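Protein chains in written order, with my numbering: chain A, 1 to 258; chain B, 1001 to 1288.
Honestly, the hints are just simulated from the structure, not real lab data. Zero decoy hints are in this set.
Here chain B is said to cover these stretches of chain A; the calculated rule only asks that three of the stretch's residues, wherever they fall, bring their Cβ under 8 Å from a Cβ of chain B:
id : stretch
1  : 79-87
2  : 104-114
3  : 124-131
Computed from a prediction, not measured in an experiment: that's the story for all the values here. Where is the CB? At the ideal position from N, CA and C, for every residue including glycine.
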Amino acid sequence: MSVTPLLEVQNLTKTYNGRIGCQNVSFKLYPGEVMGIVGESGSGKSTLLNCMAGHLAPDSGKVLFDTRVDGPRDTLAMSEPERRMLGRTDWAFVHQNPRDGLRMRISAGGNVGERLMAVGARHYGTIRDSAGDWLERVEIATDRIDDRPAQFSGGMQQRLQIARNLVSGPRLVFMDEPTGGLEVSVQARRLDLLRGLVRTMGLSAIIVTHDLAVVRLLADRLMVMKSGDVVETGLTDQVLDDPQHGYTQLLVSSVLQV
Amino acid sequence: MDDYNFAYLDEQTKRMVRRAILKGLAVPGYQVPFASREMPMPYGWGTGGVQVSASVMTPDDVVKVIDQGADDTTNAVSIRKFFQKTADVAVTEHTGEATVIQTRHRVPEELLTENQILVYQVPIPEPLRFLEPRETETRKMHALEEYGLMHVKLYEDIAKHGAIATAYAYPVKVEDRYVMDPSPIPKFDNPKLESECIQLFGAGREQRIYALPPYTKVVSLDFEDYPFDPSKADHPCALCGCTNSYLDEVIVDDDGGRMFVCSDTDYCESRRKRGFTGPQFPLSGEAA
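Use the sequences and the hints to build the structure in full.
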C-alpha cells in the first residue's frame, strides 16, 4: 500500500536574470508531515517556498498537489482561478512579517472571517462565532475581536495571522520564518502553539527558517539548502545530530550552547 | 450654435464613447475603460456623465439634469445650460417628459420607462477601491469573481455599528456576476436599479463607463442574518405629504427646527399640483 504524497516537487528551478535562486529541488511531502527547510540568508529557501506557493513562477519543474477532487495535479499548469482558489482554501501562507499577511485597517474578526466570506459564508453570526473561536485557539482574548491589528503587539499580530490562515481548514501550510523577530520567551510560546495546532489538525507544513531550534521542535524532516542547492535531507534528529555535509556541520556547530 | 459640433464632443470621440457604452451594455456591471476627454468643467462636476450624455444625445431628445434630486441647483443648472448651448436640445424638469436624464446621486421617484436613458455621474467607479488600493489587483478580483472582500467591509460595518452602516454607494451584484458601485445614490434607490430604462454610468476622471441594460438583475449585497434594508427618514414629506419618497432633512432655524422634504423636487412639485399637501404646506411666511 502506498500513500499519495500531498505535495511532490520535481526538479524545481528558479533563476533571477541568470543568477540561481534555487535549482533542481525535488522532494515529497506526505499528509501530516512537517518539513523544515534551513539554510543561510540567500540560500534560496524563500525563493523555493514562494515558487511552491505560486507567488513566483519557476523556470522549470513541477509542483504536484494532491487535490481533493482530481488527485495529484501540477499547480503550475493550473489556471489562475484554480490556483488562487487553492490559495484560499487548501493552502495557507504565513508571512514572516504579519503586516504582509494581515489587513491592517480591518478588525481582527474581519481578518479571520475574510477567508470564510471568500468561499461563500454569508451568515454574520456564524462567521463571527468561528472568528471568536479561532482567536481563542491562538490565545487572543475574544474581547479584542473588534480591535485592529495595528493595536496588537507583534506577537499577537503573528498569532492573528495564523488564525486567519487556519480558519478555512487548510491541508498544507507554508510558513516563512514563523518566529523571526520575536523575543525568545514569545518564540517558545509560539512554537508550542504551532506544534499543538499542527498535531491536532493533522496539518502538513513546510517551514522555512534559519533557526535550528524551530525545526528541532516542529519538523519531522529537514532539508538543508546552500547557494540554491539542496545539500542534505533526512529526518530532523538525524540531520542535526549526525550532519554529513560540510555546510550542515558548520551550521549545527555554530549554534550557541547556553 | 455653429461654433460647436453637436453636443460639444467631436464625432470621433462620440464614436469611441459609444463603443465603450455598447461594450458596457453587453457585459452588465463591467467597467469599460475609455479615453475620457477634457471637458469645459472641473473633474467631479460630472465630466463622465456629460460625455456619456453627449454621446447618446440626438437633436430630438428632451434633456433633464438632476443634482441630488433637485433640478435647480448649480450642477443641474450648469449642465442643462451646457447642453442647451452646445446641442440646442429641448430641456425639461419633468421626469416623464425627458428622454435623456443625467443624474448626480439620485434615481427619480417616478418609474422610468423603456424610452428613457438614465446617465449617472460617477466619482469612483471601483467598488473595491477603499478595500484594495491596487488597480491591477482589483481587476484581477473582478475577473476571477473574488468578492469576499466586499463582504468583509459589510462585516466591519456590523461589527462596528450593529448594522450595515453603508447608506450610499451600496454595492450590488449584477446578473450574479460583477460587483458594481451604483455611484453615490442612497441605498433607498438601490431597488430602482432594476428598471425598464437603460442606465449608463460615466466616470470622467477615472475613465470608466459601465451600464445596466433594461430588466437586468441587480442584487444588493447583504448577510443572511442582516438583510439589505433600503431605509429612509421615517417621516412624511412636509410639503407634499408623500410617505414613500426619499427625504432630505432641511435645517430651518437656529433652534433645532427642521423639516423633511422630498429630495426629488419635480416629484414633490407635481404631487402638490395634483392637490397633495403635507403638514407644513404652504410654508409659513409664504403667501398662500
